Amino acid sequence: MMPTTTDEQRILLKGNHAVSYGVMRARPQVIPIYPITPQTPIVEKITDLVLDGSFDTDIMTAESEHSAMSAAITASLTGVRVFTASASQGVFLMHEMFHYASGARVPIVMAIVNRTLGSPWGFWPDQTDSLAQRDTGWMHIYTESGQESLDTVIQAYKVAEQVSLPAFVCHEAFYVSHALEPVIVPSQAAVDEFLPPFDPSHRLDPVRKESWGNVINQEMFYRHRKDMSADMDRVPDLFTAVDAEYKEKFGRGYGILERYGADDPEILLVGFGSMVGTMREAVDVMLAEGLKVGLLKVRLFRPFPIAELREAVAGVPKLAVMERNYSPGLGGVLHQELKAALYGMKDQPLMHGYLSGVGGMNVSVERIEELTRKALAEDPVPESVWV
Amino acid sequence: MNGNKELVPTHWTTGWTTVLDTGTWRSTLPVHTWRPAPCFVNCPLGNDIPMWIGLAADEAFHEAWLALVDNNPLPAVIGRVCHHPCQTDCNRKVLEGAVGINSLEQYLGDMALEEGWSFPAAPEGSGKRVAIVGGGPAGLSAAYQLRRRGLEVTIYEAQPELGGVLRYGIPEYRLPKAVLNKEIQRILALGVSVKTFSPVADSAALAALRDEYEAVFVAIGAGRAKMLGHLEEAGALSGHDFLRTLAVCETAPDLGQRVVVVGGGSAAMDVARSSRRLGRTVSLVVLEERDAMLAQEEEVADAIEEGAALFNGAMIDTVEKAADGHLVLRCVRVKLDPDAPPGEFCPIRQQGGDFTLEADSLVVAIGQDPDFSVLGDQVETAGGLVKVDGGLAAGPDIYAGGDVATMDRYVSVAIGDGKKAALSIAAALGVGDDEAPKEYTLAEAVTPEEVNTYYFPEVEPTERDKSPVEERLSDFRESRLGLAFSQAAQEAARCMSCGTCIECDNCFVFCSDMAVAKEPDSELHYSVLKQYCKGCGLCAVECPRGCIIMIQETE
Amino acid sequence: MTVSSRKKNYEIPEEHVFLSGHNACPGCGQALAIRYVLNTMGPNTISTVPPSCAAIISGPQPLSSMMLPVYQTTLESSAASAAGIRRALNRMGKTDVNVLSIAGDGGTYDIGFQALSGAAERNEDLVYVCLDNEGYMNTGAQKSGASPHLVQTATTPGGKPTQKKNIAEIMAAHGIPYVATASTGFPDDLARKVAKARDMRGTGMRFIVALTPCLPGWGVKEDQGIAIARLATDTGLWPLYEVEYGTKYTINRGPQGIPVREYYKLQKRYSHLTEEQVEELQAEMEYSWQLLKARSECIPERGLAAGPAQSG
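Chains as they are written, first to last, in the working numbering: chain A, 1 to 387; chain B, 1 to 555; chain C, 1 to 312.
Hints listed in this document are in silico derivations from the structure and should not be mistaken for laboratory results.
Hints are supplied without guarantee of correctness; some may be wrong.
Pairs of lysine-lysine, DSS-like flavour, derived with a Cα cap of 27 Å [as the list claims (entries may be wrong)]:
id, chain 1, residue 1, chain 2, residue 2
1, A, Lys14, A, Lys249
2, B, Lys530, C, Lys221
3, C, Lys165, C, Lys248
4, C, Lys165, C, Lys8
5, C, Lys248, B, Lys93
6, C, Lys94, A, Lys209
7, C, Lys8, B, Lys518
8, B, Lys530, C, Lys293
9, A, Lys209, C, Lys196
10, B, Lys93, C, Lys94
11, C, Lys165, B, Lys518
Predicted model, so just to flag it, every value in this text is computed and none were measured.
Kindly generate the complete structure, drawing on both the sequences and the hints.
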């Protein structure tokens, strides 16, 4: 078995494996792993890359996701770049440690392969698993392709290490994770130029002797959260800049939001993840039919880029949010958050929210067209609607 | 908050808890303290026993001996004849038994004689001169203590040789003359003047001494034997005379085969055991019960082991002379009146149990009184003793100690008195800056409950061997052997050093706040860091020897 | 382990890592154990501490009572967190730095057990010291898997119906290079074992469980912490022993002939025991001791040079 080239290459990769290659280029030193469908190929490919000599890193085969995240936090605090991946139940088991990680201000980048949550059991694309972590202080980026996932992993490290906050790079089960596509893997040298070595100002080090995590009082706690808030607020601009820099160097950029379709649409379809890919097709079809439609891809979900979103939908009369998640008692997460983000806008768009892909239900181009027409025809209601 | 604008970082520590004062938590504070051990309290010589045993246990024998002779110049003697009150309340008795302090003192005393150790030379004299009347243990002790403080000392001794009761009262098999002579010689080598064959004749002679010398110490002992009238008439000899003859002539008066000894003290035992060594048949007639006898229990046991017959609770009622001249002693049973004044024996005759003893001679050893005739009006007397104050002063320049001034008729008390008088004299004459040693009571001493017995695994006590009875009786060789080195080492290791810190570090080891600091240059060896000590008291409990007391701090 | 009354009873070399001014209760057994663990591991160490009395003892932000980097973990994560530190250090080339985990019994026997077992299976190269005070003492003396049979706790007021987990044997069964029991009653033995574990850096997982009495939690007088710890061992309830690679047993100190009742009668948490229960516990102790001795004698020795390989 020969190591893979460090030069730029173009290879056919499944979405998960694209992540593995992106991780390899980012050079994390410690990777705690635990298997769970459909994330396992990410970490298995990484172990193969280690075995064949392509990737020099330390794999820790943790005995649970909770332990994997626990080890990731301390490895990062000790001063090395860290990566891990999980999905669904594994993500939930890590939940406690997600809060812990952001409180520790460690720039971990983690891949989440969005999968339905139990109970009952299912293995289908649904983003409720990562969205249920939206209060944990991690950045969220939702990608629609393997290439984008690879590129986002690298970008995410650069942003995370500047704001000292961790990041989820999320792509959906099977639609992205197992879809095969030609992927450009940048050269190691180019990535090294783009992403300098991790060098935190505080770390666990016997020479420095500083300890982390002693009990604090209310005033310190307030300030700690406020400091997190200040750094979260820097992320939209910073991510935009990093993405622009990446585009200039590697030729591929995605922004934190993407508008596509008519400049002056009657309605914007809003979504994230793989459904956006289908929306693109549907928009093309509808444009060809003369409908003035467009789409708004939400790539950066946390921090929720309120200012940028308001700007992106300014002047648009209607929005139709279509999503693959459901928060019981609330509705669609993107729908409800977007609605809140737009509150008080002059000429605030009317918004529909459709629970179209919950549980991995297939959402076809035709279906999207159907929902678009439905949205144009009907008055919106505040609740997210099961369709 | 005050006007400090620096905000405390919310994570990553920047300093240490050593700035915090956890001492405010406590209500009691441990204090490292020297405390008197019961052996020290009981010792009439004020010997710092834990200290010198500690040195011996560390095999610093010379230093141990120097510590010992600070208070007692006659350790080889004391190690043989002392009644060892130090051992009575030794805290080790709650484990396997008291430490053999007396045997260890003998060990060091004998080692010093073997090694030829001498006392440090006396300093340049102050020119002050002191006369000591009586060269027995009290006089010798005073001479030593005065001479080593630079005073000029002259001993006036009536007898041909120094030693007093040590030579003329205690037989060879208990205290070999060779040992006694060497220890006396060592004192004299400091530069003590001696005039033997020089009794102070009378009151005028004593007065003349008082004029000639800056101070006089009277230590003439109690040389007049008590006697019972009806027995004296029957020709009884005093124990005092018997023993003196033995010492001087190296043999006893010829008393015939059957010797009956009256008395329950050490002298009576000495008479009985000496007679046994001379092949006599010996009976002891003693007023008091066995456990009330004034002799040391070991001496009584030895007397019986050596074949003396012991009759407790008995007295000789009448003496008849038989046809061939031997004595027929009609004896009756008695009980001592428990309400008799202290020091007085009041026998109450009991019905029945009369018995008869056949004797060739009678020796009466029932105690002795001082002879005040030589003292005249130079001193006051009371209750058969010279009257002295707490510093043993009987007058402005005259002091008295030993058997002449106390009813505690023990060699160790005499030696202690000699030291006490010497310190008083030195102070009165403005020599040196000794403080009068503080005296303690048993109530102040370390108790067995304050000793942490966990640290003292069981070790059987080692006693000095006695030679077999037949050997003992064959002549006047020393009947009890001293400890061998390994025995002495083991016995010294049993001393728990009550109240005297030996730097075992337990307090330091067990403090979870690291509030006990080692202070190598301090006498107390440790200090407590008041900023941190929370007053839990673990150090006091884990101190094996009660050297830490917890004191209540103010509210 | 002999004690001489003439010389120092304990010879314990110490570095200066654990500091005064910490918040432990007066006479706290854990604080004493922490002193010897840290001062023996030395300053070239990084440690983890979970929620526990040890976490409170480590100091309030921004102050620390420990002159080395300490990371406060969540209660389940001690061993996993320590593993993360070790792996990062190794990747940074700092293989000479010791990694230490100090955890209570709750974070070891119960909620922390999974992480501990996983770390042991991977033979992570770290020293894990469990300070066992037989319950969740920091939160008010509730029962844990380490609480002994029939003991009274806040959540088993009638007496715990189940046995104390034998964590030493469980860890020995993982075959890790070093397992030992220790006690604050024998601080030199504890320090010796920590030193031995420390010096085995590079061989894998080293686990020490030290009995550290909690005086308020056990209902024991403030100044009796050491006496009670000694009694636990001398009655046979907490024998001191070592197991290397799960096969080589060394028993350091077993029962000294003192009946278990002497231990129970000094603690309020056992004041409810009936005579029958005391006898039952005495019999249980004796059987456990027989079992330990038998196990220590019956296992055939294997070559110790090849231990389990380290992963990663």
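Right, here's what the structure says about each hint:
1. Lys14/A <-> Lys249/A: holds (24 Å)
2. Lys530/B <-> Lys221/C: Given pair Lys530/B, Lys221/C holds - Cα atoms ~22 Å apart, limit 27 Å.
3. Lys165/C <-> Lys248/C: Holds - the C-alpha atoms of Lys248/C and Lys165/C are around 21 Å apart, at most 27 Å.
4. Lys165/C <-> Lys8/C: violated (36 Å)
5. Lys248/C <-> Lys93/B: violated (43 Å)
6. Lys94/C <-> Lys209/A: holds (15 Å)
7. Lys8/C <-> Lys518/B: Status holds; Cα separation ~13 Å.
8. Lys530/B <-> Lys293/C: violated (47 Å)
9. Lys209/A <-> Lys196/C: holds (24 Å)
10. Lys93/B <-> Lys94/C: Given that 27 Å is the threshold and the Cα spacing comes to 58 Å, the pair is violated.
11. Lys165/C <-> Lys518/B: violated (41 Å)
Of the numbered hints stated above, those contradicted by the structure are hints 4, 5, 8, 10, 11, listed in ascending order.
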